[in-house]
Amino acid sequence: MSTITSRNSLVNGGTNRYEFVAGATIALSALLFALGMTALFEFVTLTDPIAGVPTVSVLGGLLVLIGIGVIGLGVSSSLELIETTPDRSAGLVAGVVFGGLWFGIGGIVAAGILGLGGAGWILPALLLGGGAFAVTTFTREDIGSTVPAGVLAILAGGVFLTGVLGPGWSYSPGSFPSDNAVTFFPSVIVPGSVLFCSLLVGWASAKAYAGFGARGRHLGAHVLIYLNALGIIAVLFGLVGFVVIKGAPTAFTEVAIGPGVGPEVSVLGLSFSLPVSWPFLMNGASVFVRVDGILPAVVGTVWLVVGAVLFAVPIAVGAAVFLAEYADEGRFTSVVEVATNGLWSTPSIVFGLFGASFLIPRFGGSKSLIAGMLTLGFMLLPLVLITSREAMLAVPDEYRDASAALGVSKWQTIRSVVLPAALPGVVTGIILGVGRIAGETAPILVTMAGGTLPAGGETVDVIGGFEFIATPPFVTNEALLQASSALPYQLYALITAGLGGPQFEDAPFTALEFAWANAFVLLTVVLSFYAIGITTRYYFRRKLNR
Amino acid sequence: MNLIPRSRATDWIVDARKFVDETPTSALVALTIGTVSILSSLGLFFTASPLTSVTLLVFLVSAAYGWIRHRELTARAVTMAMTASMILILALIVVFIFVEAWPAFDVARAEVFGISVPGLRLFVQTEWAPRAAERYSLVPLIHGTVMVTLVATLVAGPLGVASALFVSEIAPAAVREVVKPGIEILAGIPSIVYGFIGFTIISPWASEQFDLVGQGTYLFVGAVVGLMALPTVVSVAEDALNSVPESMKDGSLALGTTDWQTMTTITLPAAFSGVSAAVLLGVGRAIGETMAATVMLRNSPQLPEPLYNVFYGYDTLTSAIAAQYGEATADQLSALFAAGVVLFITVMFLSIGSQLIERRMKRQLGGHE
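Each protein sequence line maps, in turn, to chains A and B. Counting from 1, one number per residue, gives the positions in the first sequence under the working numbering. Counting from 1001, one number per residue, gives the positions in the second sequence under the working numbering.
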């Protein structure tokens, strides 16, 4: 906009004022968005006063203000008080959005507030929707994209200010039966419409700030897209932080570090006490321990992951080698590709059903650890195969040619050239895949899940479970054939058992706190896999790019 | 030079004979023993025979021998067998869930124009009453899945495509390094943790705010599931946007367009099929999502009134299986497997559809059309 400033002082002053108003409207919209969020999550109540004025009136006043601001921007641009570059129309997309919006408002006002029954709401809805569509599409862009948004904000603000949506207001659609009834209260409607209007006005005033036209659209779209990315990251941090805050205190109950404080373990006949005592991770749940814990679930998850990796990784990497190095493109490879992608998108519960009908009858007829391991292994196969194959295909052909030129055989080339070069990608794929299956609940729910709150004595002992016998199959493992717990399953079992009462009579926490701590441990385990996987990939990528 | 055109079959026989002639006898023997033993292991495993371990051991021995003496051939043969196992597993899944579901289809026969169609009643009547009347219907479950998936797609589709645009086109490098792994981690949070938060925080909040009878709404389950499907949409759509040749974008920018104009007129249209494949895969994820739905819904299959009432959530195909599998017997179990069959077929269609779309896009951008 700096080219305009040289024209003359009148326009110069106008431009500065215009930019100031546009900037202020954007800032106010951002403020309103934040206020709307806090009201939606009940950090502030609508009837509480802010500086002596009820919150709802403050919100209403601000909405009217930004509405007037954005309309002012549009009008001053259309009267050519300001030099802008608007297009002929705000475009069909904006037209449909605004038209649909006003159609809905017309319908709600007619049916909910004016009480027009039957099909009586359609006419006002059509009138308003059509009007908004026409204004948006058939006027110049500066009017079309600001006026419908501004009028909406003024309308919403006016409704809040006049107290139509007072504390006693509510609306429930009459056509819903009483056992399916829904009631809308101001506590949701007000923040919801504040959020929506502030987004809309923020977008329109961002367009205005950049002078409409191509640059205006650019800025408006960027504001929304940045906000979207910011929102997603905020949700992520919010979720993780929330689980940590809720779960960590319980998970770390009575942790002690020092020589000899931990439980006694014996390794190779040597018995000694661990230097760490972490009751929540080292105890089972029973009346004999004060701090109930989730040891059986932790051990179960570890064995699940070990079993699934031992089963799936060799097969998946081998298949990836074949597909990337040996196979010619043909019918076989395309069938394999369809099958792999199909397995990738097969729902986890379907894998569970398959494990239950295929594996369980062949491993003793009851839910067992090995059925869970293999089911998760089946899920891991496509995850590892796809990433490994991609990593191998990314190895440049010059490497293979150089090795072949030295007279090295195919397998030697694969082993000493392709695999080492592809290793980072393969390892990352494995780690991310393991992170994914470690948190899976549905497949193990139907194939291996044990009791709700297993005691410490029910911890699986896979290594000690091996026995050699004289008849086929010559080796058995009782531990593998028994139901076991796992972290995600245990959380599910806790939820279904009910989180209401204090389940643990002498424990320093309630069942709900126990469940949060369980969720915290599960999340920590899974996210550490992700953190390691993503860091490895990042590290190797930088190394490659250098 | 062979001037006479040969059929495929004779071609294959000639190739095989050539292979036998060129390969040492000991390698052929090891290959035969290995093939026979792994196939018989499979057969014995089907019959749950304890002898499976014996044949498996024979296979391992023959593979080890081959590995020591004929490494090239063994490596090729073993990796090929591993590749074939992918097809085998998919085939086994199909066979086993269909076989287990068949009784439900068989019981629920209905006549159409004099022809008895198995399973039709599962889709035309709407009552699921395993205890009282031994009646099963997939209609309420399919309705629930459709509702959840619709909401989830409305969340994951636009937000996912916008995030993919952000990551691949807009974000400065430093911001991208934060946002991209962030979105991946969002996929890493286990579904039961989402479900737990939904169950303890969102569901009670929704029931209070909207004065609902009981807990569980399709609306908020859909929103949570959409959040979980979002990373799939982002990563696949981002790949598609990245595969648009840089020269196309540069050509547009050189004409003096803004970033956004280039995105809407060049990048998005060129990557359109890839982006829609991404949304399809996201829909597939949403349909298959189990635990969040199981924990947050009411687990009693019925239709809400009116049908578009998103504030009451009863059951989906996935949640019904997860919640009822434990105590189901006989026909009810088969009905749950039938729900699994419907899920599997739907998701497989989406998967194959998105693969076809992606293949088409690759061809177009590759300039072969």
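Note that these hints are calculated values from the structure, not bench results. A couple of the hints might just be wrong.
[Unchecked claim] Some chain A residues flagged as far from chain B (calculated, every beta-carbon gap over 12 Å):
1. ASN16
2. ASP48
3. GLY120
4. ALA134
5. VAL159
6. THR162
7. PHE196
8. ILE232
9. ALA248
10. PHE272
11. SER273
12. VAL291
13. TRP344
14. SER348
15. PRO420
16. LEU512
[Stated by the list, open to error] No more than 30 Å apart at the CA atoms, straight line, and that leaves these computed lysine-lysine pairs for DSSO-like:
17. A:LYS543 with B:LYS1180
18. A:LYS543 with B:LYS1249
19. B:LYS1362 with B:LYS1180
20. A:LYS543 with A:LYS410
21. A:LYS246 with B:LYS1180
22. B:LYS1362 with B:LYS1249
23. B:LYS1018 with A:LYS410
24. B:LYS1180 with B:LYS1249
[Unchecked claim] Just a sample of chain B residues kept apart from chain A, beta carbon distances all over 12 Å, derived:
25. SER1026
26. LEU1028
27. VAL1036
28. ALA1064
29. SER1085
30. PHE1105
31. GLY1114
32. SER1116
33. ARG1121
34. PHE1199
35. PHE1210
36. LEU1227
37. GLU1246
38. GLY1256
Predicted model only: the values in this text are computed from it and were never measured. The beta-carbon is built from N, C-alpha and C at its ideal position, and this holds for glycine as well.
Cross-check of the supplied hints:
1. Taking the minimum C-beta to C-beta distance to chain B, about 24 Å, the non-interface status of A:ASN16 holds against the 12 Å cut.
2. No beta-carbon of chain B is positioned within 12 Å of the beta-carbon of A:ASP48; the least distance is around 17 Å.
3. At roughly 18 Å, the least C-beta separation between A:GLY120 and chain B is larger than 12 Å, which holds for a residue marked as non-interface.
4. Every CB of chain B is more than 12 Å from the CB of A:ALA134 (nearest about 24 Å), matching its label as outside the interface.
5. At the 12 Å boundary, the C-beta of A:VAL159 stays outside the reach of chain B, the nearest C-beta of that chain being 19 Å off.
6. For A:THR162, the condition that its CB be more than 12 Å from all CB atoms of chain B holds, with the nearest at approximately 23 Å.
7. No beta-carbon of chain B is positioned within 12 Å of the beta-carbon of A:PHE196; the least distance is around 15 Å.
8. Not every beta carbon of chain B lies more than 12 Å from that of A:ILE232, the smallest distance being close to 6 Å; the non-interface claim is violated.
9. Listed as a non-interface residue, A:ALA248 keeps its Cβ farther than 12 Å from every Cβ of chain B; the least gap is roughly 14 Å.
10. The claim that A:PHE272 lies off the interface holds: its Cβ sits roughly 35 Å from the closest Cβ of chain B, which is beyond the 12 Å cut-off.
11. Under the 12 Å C-beta cut-off, the non-interface status given to A:SER273 relative to chain B holds; the minimum distance is some 33 Å.
12. Remark: the non-interface label on A:VAL291 is consistent with the geometry, its nearest Cβ contact in chain B lying 21 Å away (cut-off 12 Å).
13. At roughly 7 Å, the least C-beta separation between A:TRP344 and chain B is not larger than 12 Å, which violates its mark as non-interface.
14. Here A:SER348 does not stay apart from chain B, with its beta-carbon only about 6 Å from theirs, under the 12 Å limit.
15. Residue placement check: A:PRO420 keeps its beta carbon more than 12 Å from all beta carbons of chain B (closest about 16 Å).
16. At the 12 Å boundary, the C-beta of A:LEU512 falls inside the reach of chain B, the nearest C-beta of that chain being 7 Å off.
17. Straight-line distance between C-alpha atoms of A:LYS543 and B:LYS1180 comes to about 19 Å, which keeps the hinted pair within the 30 Å bound.
18. In summary, the hint linking A:LYS543 to B:LYS1249 is supported, as the alpha carbons are separated by about 28 Å, within the 30 Å threshold.
19. A hinted pair counts as satisfied when its Cα atoms are at most 30 Å apart, and B:LYS1362 with B:LYS1180 qualifies at roughly 24 Å.
20. Annotation: proposed proximity of A:LYS543 to A:LYS410 holds, straight-line Cα distance about 27 Å (limit 30 Å).
21. Taken as a hint, the A:LYS246 and B:LYS1180 pair is honoured in the structure, with Cα atoms around 27 Å apart against an allowance of 30 Å.
22. As the CA atoms of B:LYS1362 and B:LYS1249 are separated by approximately 17 Å, the hinted pair is consistent with the 30 Å bound.
23. Simply put, B:LYS1018 and A:LYS410 have alpha-carbon atoms about 20 Å apart, close enough for the 30 Å limit, and the pair holds.
24. Using a Cα cut-off of 30 Å, the hinted pair B:LYS1180 and B:LYS1249 holds, with the two alpha carbons roughly 22 Å apart.
25. Listed as outside the interface, B:SER1026 is consistent with that label: its C-beta sits roughly 18 Å from the nearest C-beta of chain A, beyond the 12 Å cut-off.
26. B:LEU1028, annotated as away from the interface, keeps every beta carbon of chain A farther than 12 Å; the closest lies near 18 Å.
27. Every beta carbon of chain A lies more than 12 Å from that of B:VAL1036, the smallest distance being close to 18 Å; the non-interface claim holds.
28. With a least CB separation of 14 Å from chain A, B:ALA1064 remains clear of the 12 Å interface cut-off, as annotated.
29. Distance to chain A contradicts B:SER1085 as a non-interface residue, since its nearest Cβ pair spans about 6 Å, not more than 12 Å.
30. Against the 12 Å criterion, B:PHE1105 stays outside the reach of chain A, whose nearest CB is about 15 Å from its own CB.
31. Taking the minimum C-beta to C-beta distance to chain A, about 34 Å, the non-interface status of B:GLY1114 holds against the 12 Å cut.
32. The beta carbon of B:SER1116 is kept farther than 12 Å from every beta carbon of chain A, the shortest such distance being approximately 26 Å.
33. Every CB of chain A lies more than 12 Å from the CB of B:ARG1121, the least distance being 22 Å, so the non-interface label holds.
34. The Cβ of B:PHE1199 sits about 6 Å from the closest Cβ of chain A, inside the 12 Å cut-off, so the non-interface label is violated.
35. Annotated as non-interface, B:PHE1210 brings its C-beta within 12 Å of a C-beta of chain A; the closest such distance is 5 Å.
36. Taking the minimum C-beta to C-beta distance to chain A, about 7 Å, the non-interface status of B:LEU1227 is violated against the 12 Å cut.
37. At roughly 17 Å from the closest C-beta of chain A, the C-beta of B:GLU1246 stays outside 12 Å, upholding its exclusion from the interface.
38. Chain A draws B:GLY1256 into its interface by the beta-carbon criterion, the shortest separation being 9 Å against a cut-off of 12 Å.
Checked against the numbered hints given earlier, the structure breaks hints 8, 13, 14, 16, 29, 34, 35, 36, 38 and satisfies all the rest.
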